[in-house]
Each structure stands twice: as C-alpha cells, then as structure tokens.
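*Asks:* Protein chains in written order, with our numbering: chain A, 1 to 309; chain B, 1 to 329; chain C, 1 to 351.
Read the hints as simulated data drawn from the structure, not as lab findings.
Owing to the predicted nature of the structure, the values given are computational and were not obtained by experimental measurement.
From the three backbone atoms N, C-alpha and C, an ideal C-beta is built for every residue, glycine too.
Don't take each hint at face value.
Listed next, the stretches of chain B that the computed footprint assigns to chain C, with coverage defined by at least 3 CB atoms under 8 Å from CB atoms of chain C [claimed, not checked]: (1) 28 to 41; (2) 73 to 79; (3) 84 to 90; (4) 226 to 239.
What follows is the residue order along each chain.
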Amino acid sequence: MNRYFRELSVAGALGLLLALLAVVAPAFYQPQPLLSLATREAPTLVVACGMALVIICRQIDISVGSQFSVCSVGAGLLAAHGWPAGLVLLASVSIGALLGAFNGVLIAGLRLPSIVVTLATLVSLRQGLNLVRQGEFVNLPDGLQWFGLSQTDGQWTLVAFALGLLLVFAVALRYLSAGRFVYAVGTDTEAARLAGINPQRVTFAVFVLMGALTGLAAMMNIIQSPQVQPLSGNGLELKVIAAVVVGGVAISGGRGSVWGMFAGLLLLACVSPTLTHLHIEAYWEKAIQGAIILLAVVADGLRSRKENR
Amino acid sequence: MKYLPFRLLLALSLAFAALAPAVHAADQKLVVAMLPKAKGNAYFISCKAGAEKAAKELGVTLLFDGPTDSNAAKQNEIIENWITLGVDVIVAACENKEGISTALRKAQKQGIKVVTYDADALPDSRTFFVNQATPEGIGYSLMDEAARLTNSEGEFAIITASLTASNQREWMKYIQARLTEKYPKMKLVLTRPCDDLKDKAQSEATAMMSANPNLKLIMAICSPGVPGAAEAVKQAGKTGKVKVIGLGLPNENKRYVHEGVTDSVILWNTMDLGYLSTYAGVAVAKNELKPGAKSFKAGTLGTFEIQGDNILLGKPFIFNQGNIDQFDF
Amino acid sequence: MRTASTNSAWKSAVFSHEGILFLVLVAEWVFFYHFGTTVNRHDVVVGFGTIDRQFDILRHSCEIGLLALALTPIILTAGIDLSVGSLLGLCAILFGMLWHDAGLSIPVAAAGALVVGALGGGLNALLITWLRLPPLIVTLGTYSLFRGLAEAITRGAVTYTDFPASFLFLGQERWYGLPTQAWIFLAVAALVGLLVHRTTYGRSFRAIGFSPEGARYAGLPVGRRLALVYLIAGVVSALAALIYTSRLGQAKADAGTGYELFAITAVVLGGTSIFGGVGSVTGTLLGVAAIAVLKNGLACLPVVMRMNGAEELSGMLTGALLLLALTGSVLPKYLSNWRASHHSARPQTPT
Numbered sequence: 001m002n003r004y005f006r007e008l009s010v011a012g013a014l015g016l017l018l019a020l021l022a023v024v025a026p027a028f029y030q031p032q033p034l035l036s037l038a039t040r041e042a043p044t045l046v047v048a049c050g051m052a053l054v055i056i057c058r059q060i061d062i063s064v065g066s067q068f069s070v071c072s073v074g075a076g077l078l079a080a081h082g083w084p085a086g087l088v089l090l091a092s093v094s095i096g097a098l099l100g101a102f103n104g105v106l107i108a109g110l111r112l113p114s115i116v117v118t119l120a121t122l123v124s125l126r127q128g129l130n131l132v133r134q135g136e137f138v139n140l141p142d143g144l145q146w147f148g149l150s151q152t153d154g155q156w157t158l159v160a161f162a163l164g165l166l167l168v169f170a171v172a173l174r175y176l177s178a179g180r181f182v183y184a185v186g187t188d189t190e191a192a193r194l195a196g197i198n199p200q201r202v203t204f205a206v207f208v209l210m211g212a213l214t215g216l217a218a219m220m221n222i223i224q225s226p227q228v229q230p231l232s233g234n235g236l237e238l239k240v241i242a243a244v245v246v247g248g249v250a251i252s253g254g255r256g257s258v259w260g261m262f263a264g265l266l267l268l269a270c271v272s273p274t275l276t277h278l279h280i281e282a283y284w285e286k287a288i289q290g291a292i293i294l295l296a297v298v299a300d301g302l303r304s305r306k307e308n309r
Numbered sequence: 001m002k003y004l005p006f007r008l009l010l011a012l013s014l015a016f017a018a019l020a021p022a023v024h025a026a027d028q029k030l031v032v033a034m035l036p037k038a039k040g041n042a043y044f045i046s047c048k049a050g051a052e053k054a055a056k057e058l059g060v061t062l063l064f065d066g067p068t069d070s071n072a073a074k075q076n077e078i079i080e081n082w083i084t085l086g087v088d089v090i091v092a093a094c095e096n097k098e099g100i101s102t103a104l105r106k107a108q109k110q111g112i113k114v115v116t117y118d119a120d121a122l123p124d125s126r127t128f129f130v131n132q133a134t135p136e137g138i139g140y141s142l143m144d145e146a147a148r149l150t151n152s153e154g155e156f157a158i159i160t161a162s163l164t165a166s167n168q169r170e171w172m173k174y175i176q177a178r179l180t181e182k183y184p185k186m187k188l189v190l191t192r193p194c195d196d197l198k199d200k201a202q203s204e205a206t207a208m209m210s211a212n213p214n215l216k217l218i219m220a221i222c223s224p225g226v227p228g229a230a231e232a233v234k235q236a237g238k239t240g241k242v243k244v245i246g247l248g249l250p251n252e253n254k255r256y257v258h259e260g261v262t263d264s265v266i267l268w269n270t271m272d273l274g275y276l277s278t279y280a281g282v283a284v285a286k287n288e289l290k291p292g293a294k295s296f297k298a299g300t301l302g303t304f305e306i307q308g309d310n311i312l313l314g315k316p317f318i319f320n321q322g323n324i325d326q327f328d329f
Numbered sequence: 001m002r003t004a005s006t007n008s009a010w011k012s013a014v015f016s017h018e019g020i021l022f023l024v025l026v027a028e029w030v031f032f033y034h035f036g037t038t039v040n041r042h043d044v045v046v047g048f049g050t051i052d053r054q055f056d057i058l059r060h061s062c063e064i065g066l067l068a069l070a071l072t073p074i075i076l077t078a079g080i081d082l083s084v085g086s087l088l089g090l091c092a093i094l095f096g097m098l099w100h101d102a103g104l105s106i107p108v109a110a111a112g113a114l115v116v117g118a119l120g121g122g123l124n125a126l127l128i129t130w131l132r133l134p135p136l137i138v139t140l141g142t143y144s145l146f147r148g149l150a151e152a153i154t155r156g157a158v159t160y161t162d163f164p165a166s167f168l169f170l171g172q173e174r175w176y177g178l179p180t181q182a183w184i185f186l187a188v189a190a191l192v193g194l195l196v197h198r199t200t201y202g203r204s205f206r207a208i209g210f211s212p213e214g215a216r217y218a219g220l221p222v223g224r225r226l227a228l229v230y231l232i233a234g235v236v237s238a239l240a241a242l243i244y245t246s247r248l249g250q251a252k253a254d255a256g257t258g259y260e261l262f263a264i265t266a267v268v269l270g271g272t273s274i275f276g277g278v279g280s281v282t283g284t285l286l287g288v289a290a291i292a293v294l295k296n297g298l299a300c301l302p303v304v305m306r307m308n309g310a311e312e313l314s315g316m317l318t319g320a321l322l323l324l325a326l327t328g329s330v331l332p333k334y335l336s337n338w339r340a341s342h343h344s345a346r347p348q349t350p351t
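Using the sequences and the hints, build the whole thing.
*Replies:* Here it is in structure tokens:
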C-alpha cells in the first residue's frame, strides 16, 4: 500500500478535481470536447513516457521541446514534398532518434551533465530552426490529416495508441530486464556496474528512445491540423517534466512509475479547461501549474523527512 | 602542448589587429529595414512579399527581421542593431506602443527616418503611420458582420492575439462601442488571448464552446486565431452552429471558408500594405514625402490619401465563399 | 600523476579555462571589429567599431550579467536556479504597479521590488534548505509560479510605461562615461567577487558543492549558507528587473523570458562546474562578455544582416560554444586516463 502511496495521492487529487467539476461545471463532461482534450494531450503523454524513463535513469532532458519542433517541421516539409505518410512517420522518428543520440553521446559517452548538454541543444536547435525557417508555417497536403481517417476515428486512434504505449512502458519497466536496468542505473550507477550492467549503454539507449518518442509525438501532433507551426514545441519540456515530477518520479532517480506520471499529466492537463469552465481568468493557469509542482515536491519532502526520523 | 592554443590564438588576433580597422564600404544602395511583429506570421510574410516587390522597383536594399514570437523587448534590440548598422529608414510594426518609441526616437536622433505600419508607435517617434484601415472601420465591420450572421442576437466570444497589443485593444474598443450602440441583444461572453499561436487559439476555442453551450459565434481578431477557431469548431462538429469570423489571410482560411466552417474573413490587402509602407519609407528617406502632404503616389498602386500623418491604405475587404479564390496571399 | 595533481591541477585547469576564454573573447572582438565595421552611404563609420556599439554591448549584457553573477555562487554549491528570469518578470511588474497604481515614489517602489525579489529568493531558499528538496525541481516550480503570478496580476495585459526621465536615466543614459547600469553591474560583480573569493563564505560554497555531507560534518552551517545564495539571487534578480524596466521604459509580465538559459550558459561557459565546487566570478564575467560580443558582433556582419536572423544565429552559436567548452573541459582528462590504462579504459566520473 505504502509503495503506491504517491501515485494514489495524485490520483486522489485528480479524482477530487473531476468530482468538483462534475458538481460545478457538468458541461465539462461532454464526449466531444473531452475527446478533443485527450487527443491534444496524447502526444504529450508519449513524450512524458520517455521523460519518465530519463528521470528514473537520474538524468534530465530539457531539449525535448526543441526536438519536437524540429521533428514537426522536418516531417511537415517531407510530407509537403509528397512523401507518403508511413515514410514521413519513419523519418520523424529517425530525426528524433538522431537528435536523442547526439545528446546521448555527450551525456553517456563523455559523461557531461545532462542538464547543461540538453540546455545547449535546446537553445541551438530552437534558434537553428528559427534561423532556417524564419518561423514560417508549413502547409500540409490534404490526405495527411488524421492519416486520412475520419476525424473521430483519427482521434480515437491517437488516444488509443498513446494509451497502448503507456501500457507497454508500464509492463516493460516492471517486467523486462531492460526496464529493471534503468531503475538500477538510476538508483546507483556503481552498483549497477558491479551487477554487470553497462550504465553508459543504458543511459545512451534511454536518450535515443526519448528522441524517437519525441519524433513519434511530433508526428501525432502534426496530423491533427492542416498546418505545422514551428513554435509548437516551446515549453513542452516543462509540461512533461512537471507531469513526471507531480506523478511522483523522484528527480534523484531510481524511483517512480509511469502510472504516477499518467495521473500527474491528467491533473495538469485538466487545469486549463477547469479554469475556463469555472470562468476564472486563463492567466492563472501557469501560476496554478507552478503551485501544483511545488505542492507535489513539498509533499515528497515532508514525507521523506518523516521517514528519516 | 598547453601553450599551443594560446600562441595560435595570439597570432590570429595579432593578424586581425594588424588588419583592423580596415573598413569595408557597404553597398551604396539605400537600406530599408522592415520590422514585423512576428516574422513567421503569414500576415507579415505577405507584407514582406509586397515590400520586396517595392524594393526591387525602387532599387533599394530591404532588410526584414523581427522576433519569431511577438516580443517587445526583442523588437527594441533589433532596432538598436539597425541603428548601429546605420540603415536609412526603419519601417516598423509595433508590438508595444510606448516600449518601442524609445528605440525609434533614438534612431531618429541618429538621422534615421522612421515610418510605422500595421500598429503605430507614439506620434513623435515616427514621421508617418501607414494605416491599413481605421480602428473604427475594422471594429465596426467585424461587429456588423457578426450581427448579420447571428441575426443580431445571442452570445459571442472573441479571440485576440494578446491583450497588450495596442492595435488589438483599439479594435476591441470599437467592437464594444458598436455592440452597445446597435446590438443590445448580443452579448460578449468571453475574450481570450491566443498569443498569436494557432494551436492555442484552437484549444481556447474548444474550451469556450464547452463552457458556453449557447455560443453562436467566435470572432478572432488576429490572423492565426481564425483558422485555429475554425479547426476547433470543425472538430467539435459544430460547423454552422457556431459561426467563425475574423481578421485573417485568404490563403490560410480558404479551406475552412469552402467547408462552410468560417463564414467570412475581413482583411485589407496585406501585400499592398507592405508595398505602400516600403514606398512611403523610401520617399521619406529621400525627403520626397514630408509632413503636411495630402496625398502620396506609390508605384503601380496609384495615389493614396493622407489624413494628418496617417497614410490610408483603404477600406477593409470582406472575403467569403464567393470571392476568396480570387486572392492569393 | 593523478594523485599529485589534485589541488594545483584544478587551479591550473581553472586558470587555463579563463585564459583560453579571454583569448577567445579577444579573437571574437578583433574579428567583429575587422569584419563588422563598415562605412554607410553618407561616409559615416557604422557597425561594431563604433563606440556606441561598445556601449550597447555593455548595456545589453547588464541584466543577463547580473543573473549570471547571482547564479555563480549557486552553481558553486552544486545548485541551480531556473526561476531568476521569471522572478525578474514578477519584480518588474510589481515595481510598475507600486509606482503607477499605488502611487509610490520611484525609490520606494524600487525598494518594494527588491523586497519582492528577496521574498521570491527566500521561497526557493526555504524549500531547498528546510525540506532539502532538489533545487532543480523547486526552481522549476517557482519558474512557473513567478511567471504565472506576473501574468495573473497583470492579466497578461497591463504594461506599465511613462516612467519619469530620472528613472530612465538608469537604463538609457550614461553616467561618468559608461552606461549608468554598467556601474551597478560592476559594483555587484565586485561584491559577488569579494564574497566568493575573499571571504570564508566563498570557501564554504565550494565545500558544499564538493560534498554537502562533508561540509555538514565539518561543522559548516550548510542550510544557512545555501539559503544565503538563493536569497542573494532573488535580490539580484529584482535589481536586474529595475534595470530592464528602465532600459526598455516598460514593465510587462513577459520581462526576462528565457534569460535564465543565457545566464546559466554564461556561468558554465565561464568555467564554473555544474557539479559544484569549482568556478570563479572572473570566469562568469568573461562568459557574459563572450556571449554579448558574439550576439552584438554577429548583428553587425553584413553577411548575417542579409540573413535576417542575427538573434537566432547567435543563440545557435552560443549553444554550440557551450557544448564545445564542456567537451573541451573533459577531453584532456579522458585522454590522460586513456593513456594511463589502454585496455581497461574506465574514466573517472566527473562528480
């Protein structure tokens, strides 16, 4: 019971929020807007799966927002060039994996601190993209939206896919040896090494995976509308890191689950629509998100203080 | 080993020092520097196309740089760069009236001429403002169009770029004025900013519709807002039930206008705006256009009226299903 | 060889880092002086070589420079503060509010802003020291919180302008030859330099950065020292907010967005280790200067001018420069380790 206390408390907070909405703003519970909300958050969930892994591995990646933008624009340009959707998807994932591998080489290979490396790639990628594209939108060909499916089918597909991926990650982290390796490296690199794990290889793989997932998420995002906006990834890193941390994944590595992250993500995603439904000024959104992050870490801090006594 | 880079760098710097200050002569053409609010915005990209056409006709060099996200502080820094570069004239669309005027005054002090377009600065910091349409004209047109589509009754909501942009505030003022004066049965329930981002406009519009089930119309008064709102209405399956109108570019909205999601888009010809602004800037720099002039002839576009220090582009235009395909910008 | 070189090797490493950075700065400057100075149509010298441009560089680097100075002791303790840019924004609009809405005089409003800065820094300090939470995550939270409060208070809309000329003097005029704000920047640099390099506080920051547990056992008041650096960062952010407001003549909720990234870049570029324990204020100043000269110099190159993206190019190169500096700082160690043991190459983790 105690083991999942953190996850359950976030889920409890989410439940409270949803109950509150049911009472004061039942209009929130309409299938279409909810599906739209879920569809918009689906790519974020995919990126957050990767981020959970990175943070469990005791690293951080703040360049995902820029990676996301680069993949989106890259994929958009290829699609506009007439590439078929399948190839574009493959290209987007590959671009992401390559960008992740670049981070991985520096972090795992040269053992540079991930926060600084990804800070540098965040700035370089974003500005490079702006320089080349001058912030211009990419218009996508007609057939690409929802992969040619009807809108509702497309939305369900995206949501189902993201949830499926979440399930895969939950299972893999728990039952596959590769998943246990990530926890092992995040808990104690030296001990992991002594146990015969190559921590550098695990770290590298985690960053490549992070990049690939970001590429995938970018693709899931661009098929939702007829245009690609080059700034779409700005601030994504904070959103997913916040979700992961609120969900109880320890920033010091080795502890946490993707289920907690999922609850954290849902909680944060509900803030904005809640404000609209309660007719509160949208400007409070960022402050409230910050407060939720702080509350979550303060709760963690208080708990570990109590345990240490 | 350790000293090798030192020596190399030292030698390199000495070599440069020996050459400096060898000054290159810049090209002898007149330099026009055009500042958009956000350079990736389709609205300003089409202004740029017009400006490039004018620059070619006039034989001047055109610089076109601005923030990628509407950011007043970055606008100031870019102007300061241009001041040091000694451009001849700055043609600026101002994100924030008061903030930018300091930098523009500094430019004027250095002998650089300043003309504003799209959104004005304080009058003492520029010679002319190329006015695409009076705020009154825009506000009234939008409100009248909204009333026409909703039979002058019901709830509507507005999406703006940001509440700080001074031209948006002006338009809002006239929309509000027209509303209270002529359409008492209509109610403005909500105004939300979308930060000039289409995705944000879409999520704002989605939230607006579910929070206000009786919403009859969404009015987006910034160009990324219109397709954003249209996409939201389409995805919510409320095409026709919630009307979409706004200020936007024909090309971005064609798809939605044909699908019947967006009813009408109001805008002036943005390419002409860029063209006219460049012509005005060059004429001011060459001292051919001076304060007090009553009219101004801009290349192939013909003659424009000047009211005080505002050069008027003309009336806003309403694009709808019938005529939108005739325009390509 | 490895054992004998602990102390002096670190020292020389820091020395050479600053030395190299200084030469890079000189080379940068000479390069831009040479290629970035032109004559315009009216035979007036314009571009990088003008004295005005040099003052612009100084003027533009003051706010990011102040934040970088504030971050140096923090990073020395192996901490980080992502919230400085947001706190700058919050202080700026509260300053505007106190002056414009509450009708206070400029000095009183400025004092109010400094108090707000101290409170913001104090919140970080409290959470980091009292609950021993990781600074990265605490300041990530306050990063959102401070910016969010600034937006909520002004509803994203209010912009405070029309400040009196006496206040604008701070950001737009010159005093004794230099841009006014440069004097404040230099004074803060001197103070932080003294604190870090000439007092026992500086030594305790380093000790905490190397090992907080070790420092605690050595009897250092770790909590109080940590609280101090975050508190200082808050106050300095508020100071930067005043300068920012004065330079632009406006206070808006988006003031200082993204500044934290450039400030951290400057500190790390200046040779301060992100793992704590090693670094200097001189390095930070050189880092700030290297970034500022790069940014302003690029804007003066005719080639870059025609690309219409000086800002973007300089951002991109700053990131690349940071990666280069980091790689350069670990490569020699790897090489020597590798040479020392060919087959079982297992380099030391730089912790």
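*Asks:* Please go over all the hints and tell whether each is borne out by the structure.
*Replies:* Results of checking the hints against the structure:
1. 28 to 41: holds (count 5)
2. 73 to 79: Coverage by chain C holds for the stretch 73 to 79 of chain B (5 residues, Cβ < 8 Å).
3. 84 to 90: holds (count 4)
4. 226 to 239: violated (count 0)
Taken one by one, the earlier hints fail for this structure only at number 4.
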